[in-house]
Structure formats: structure tokens, C-alpha cells
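> Now for the letters of each chain:
2 protein chains.
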Amino acid sequence: ARPKVGYLYSKKGSNNIIYDYIKEITVADIKTKPVIVTEDTMVYDAILQLFLNDVGTIFVVNNGYLTGAVSRKDFLKIAIGNTDVHKVPIGVIMTRMPNIITVTDEDTAYEAAKKIIEHEVDSLPVIEKIVTDEGKEVFRITGKVSKTNITKLFVKLGSNS
Amino acid sequence: ARPKVGYLYSKKGSNNIIYDYIKEITVADIKTKPVIVTEDTMVYDAILQLFLNDVGTIFVVNNGYLTGAVSRKDFLKIAIGNTDVHKVPIGVIMTRMPNIITVTDEDTAYEAAKKIIEHEVDSLPVIEKIVTDEGKEVFRITGKVSKTNITKLFVKLGSNS
Numbered sequence: 001a002r003p004k005v006g007y008l009y010s011k012k013g014s015n016n017i018i019y020d021y022i023k024e025i026t027v028a029d030i031k032t033k034p035v036i037v038t039e040d041t042m043v044y045d046a047i048l049q050l051f052l053n054d055v056g057t058i059f060v061v062n063n064g065y066l067t068g069a070v071s072r073k074d075f076l077k078i079a080i081g082n083t084d085v086h087k088v089p090i091g092v093i094m095t096r097m098p099n100i101i102t103v104t105d106e107d108t109a110y111e112a113a114k115k116i117i118e119h120e121v122d123s124l125p126v127i128e129k130i131v132t133d134e135g136k137e138v139f140r141i142t143g144k145v146s147k148t149n150i151t152k153l154f155v156k157l158g159s160n161s
Numbered sequence: 001a002r003p004k005v006g007y008l009y010s011k012k013g014s015n016n017i018i019y020d021y022i023k024e025i026t027v028a029d030i031k032t033k034p035v036i037v038t039e040d041t042m043v044y045d046a047i048l049q050l051f052l053n054d055v056g057t058i059f060v061v062n063n064g065y066l067t068g069a070v071s072r073k074d075f076l077k078i079a080i081g082n083t084d085v086h087k088v089p090i091g092v093i094m095t096r097m098p099n100i101i102t103v104t105d106e107d108t109a110y111e112a113a114k115k116i117i118e119h120e121v122d123s124l125p126v127i128e129k130i131v132t133d134e135g136k137e138v139f140r141i142t143g144k145v146s147k148t149n150i151t152k153l154f155v156k157l158g159s160n161s
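Chains as they are written, first to last, in our numbering: chain W, 1 to 161; chain G, 1 to 161.
The shape of chain W in the complex, shown without the other chains (with noise of 0.2 Å):
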């Protein structure tokens, strides 16, 4: 709940104030683009999209909906690994749906803060839940949330304007 206009504010309510003002700020507001590429990429060329789109995550989709999401790290284990990164598909390595930490848009920055923190990843996908006709649950992915999304509003937050 937004704090009211002449709440009288206290020292010892300072952190509430912070937790209020913090949890009005929803996914929707710092989500950002993500990168996607299909399952039959092959693991060289995934790297050569994170690189060109400096990002920390390539999310990976099939028929257009996510099925998976590989970091930098797990990219990193691979390369040092006896993977010939130009022969296997990203599908083969990435970690695969439902085993994805995910955010939708009405979640809090907050919420999506602590479950980077939790789950120990750099970026979660925003998805929509949608229902095909044949009863089957699917995720369209329309956008992301990472550790530098959170520090980019961390610094608005701390901007005096």
C-alpha cells in the first residue's frame, strides 16, 4: 500500500516506508527484452548472441513458446568441456522447463529480487500462461528480469529526482 500523504514518519518506521515504496514496483516496470533463440541453435552460435546482445542469459523457445534458458555459466561449463559447441544444439544443454525460475508482470521486483537471490540465478523469464485447445499449459516469454535489471532500479531509486 502506497504510504498516505502526512503519514508522520518516524525513524523507527524508516524501513517500512523503503518496503512500501519498494513494493509498489512490478516486474512490468523493469522488465527488459530478452534473448531468444530456438532449440536447434547450436551452442556456438547461442554464445555469439549473448556476446552481441551483452547479456547474461539466452532463453531458449520451441513453436514459440519457452522450454528452456542456459546462463553464462552453464555456456562456460560447456566450453571448457569436451562439447564440440559448433556440432550440439542448444536444446541438448539447456536447463528445461518446468525446472526454470519464472516471474509474471503483476509479481513484485521485490518477489522477482529474492527469487534471483534463492535460486541463485542472474535472470528469470516473465511469462504468460496460456492454455492450447488441447488442454495443455504453455509459456510465452515476454521478457526478463536479471541481477542487473534490480541494480539499474536500485541506482533510480537512489537518484535524487
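For the record, the hints were derived by calculation from the structure and aren't laboratory data. Computed from a predicted model, the values in this text were never measured in an experiment. Honestly, I wouldn't trust all of these hints.
Given that identical chains are not distinguished, each listed pair holds provided it fits within a single copy or across any two copies.
Straight line, CA to CA, 20 Å or less: simulated EDC-like cross-link-like pairs of lysine to aspartate or glutamate [as the list claims (entries may be wrong)]:
{"no.": "1", "residue 1": "Lys115", "residue 2": "Asp29"}
{"no.": "2", "residue 1": "Lys152", "residue 2": "Asp40"}
{"no.": "3", "residue 1": "Lys114", "residue 2": "Asp54"}
{"no.": "4", "residue 1": "Lys115", "residue 2": "Asp54"}
Please build the complex by placing chain G on the supplied structure of chain W, with the hints as guidance.
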């Protein structure tokens, strides 16, 4: 400046209270232990340290003083290139001082976050400047502040306690 007890809070001023509150948190409050290797460490062994400690950046010292830094992104670039990571020491591929963005204990967490965003880095070494007997400036590393530290701080600020 810490807001005074009894300060009359208004909706219009809410950003300033957040600002005032955030401005009191220093780098010393949020820094964590850096992972450090020496310049002669092979790239492969440095990457192992990265995984074993689950960090995003490795800092490099020579004679106890900070001389370099290598991020997960730098390692990935090296790993998919033609470099033999078992035969090249990290001193060859690292970003070298003074081309490393740093902070000190007295800087605010806000300033650290701002540097992380503006310079597009994942982690900053926290340094102490020392002048040697020969009048040379050297830097001791006492910690690091990363996007993870800022995200954790954000979660703490948003926790109602």
C-alpha cells in the same frame, strides 16, 4: 543525512526519503569476500575457482597487490577461442590496472551500483590505496561489490523487518 525523527512525510517527498536512506549504506556494509588468484595461475584453474566459489569475477594479485580482474564473460570469450586454457596464465588475458573500476569502503552502495551500471561490469573490487617506501601507489583488495550484493541489498530493503 539520516531523516530526522518526526520528519513530516508527504507523498511528494517519498523519493527523497528513499534517497536519504539508501545514501547511508556504504560499500563496507555490503562487500563480500573476493576470490583471488595470482598472475601465474593457468586460465583453466582460475575458471575452476570461479565454479568452486560460485562467483562471477576472479581478481588477480601480484606480490599481494591487485593487478587484474577477469569476468565470466571474459573467460567465456577465451574458452570458445583458440587459446589453450591449460597453458596460458591468467596474467596474459586479464584486464589490468588501472583499467579496472574500483570502489573504497567509504563509497556508498549507491555509488558502487552506479559504477556497475555505467561501466557495464558485474563486480567491483573494494580497494585500499597504499604508497610504498619507493613512493609507488599500490592497491590492496579488501572485498568486492557485485550485482549480486546490490540485489541482496535490494531484497533486504524490501523485507518488512
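> Now tell me, hint by hint, if it's right for this structure.
Against the structure, the hints come out as follows:
1. Taking the closest pair of Cα atoms, Lys115 and Asp29 come within 20 Å of each other only inside a single copy of the chain (17 Å); across copies the shortest separation is 22 Å, beyond that limit.
2. In this homomeric assembly, Lys152 and Asp40 never come within 20 Å of each other (Cα to Cα): the closest approach is 33 Å inside a single copy and 36 Å across copies.
3. For the identical chains of this complex, Lys114 and Asp54 are inter-copy neighbours only, at 18 Å across copies versus 24 Å inside a copy, given an alpha-carbon limit of 20 Å.
4. Taking the closest pair of Cα atoms, Lys115 and Asp54 come within 20 Å of each other only across two copies (17 Å); inside a single copy the shortest separation is 22 Å, beyond that limit.
The structure does not agree with numbered hint 2 stated previously, though it agrees with all others.
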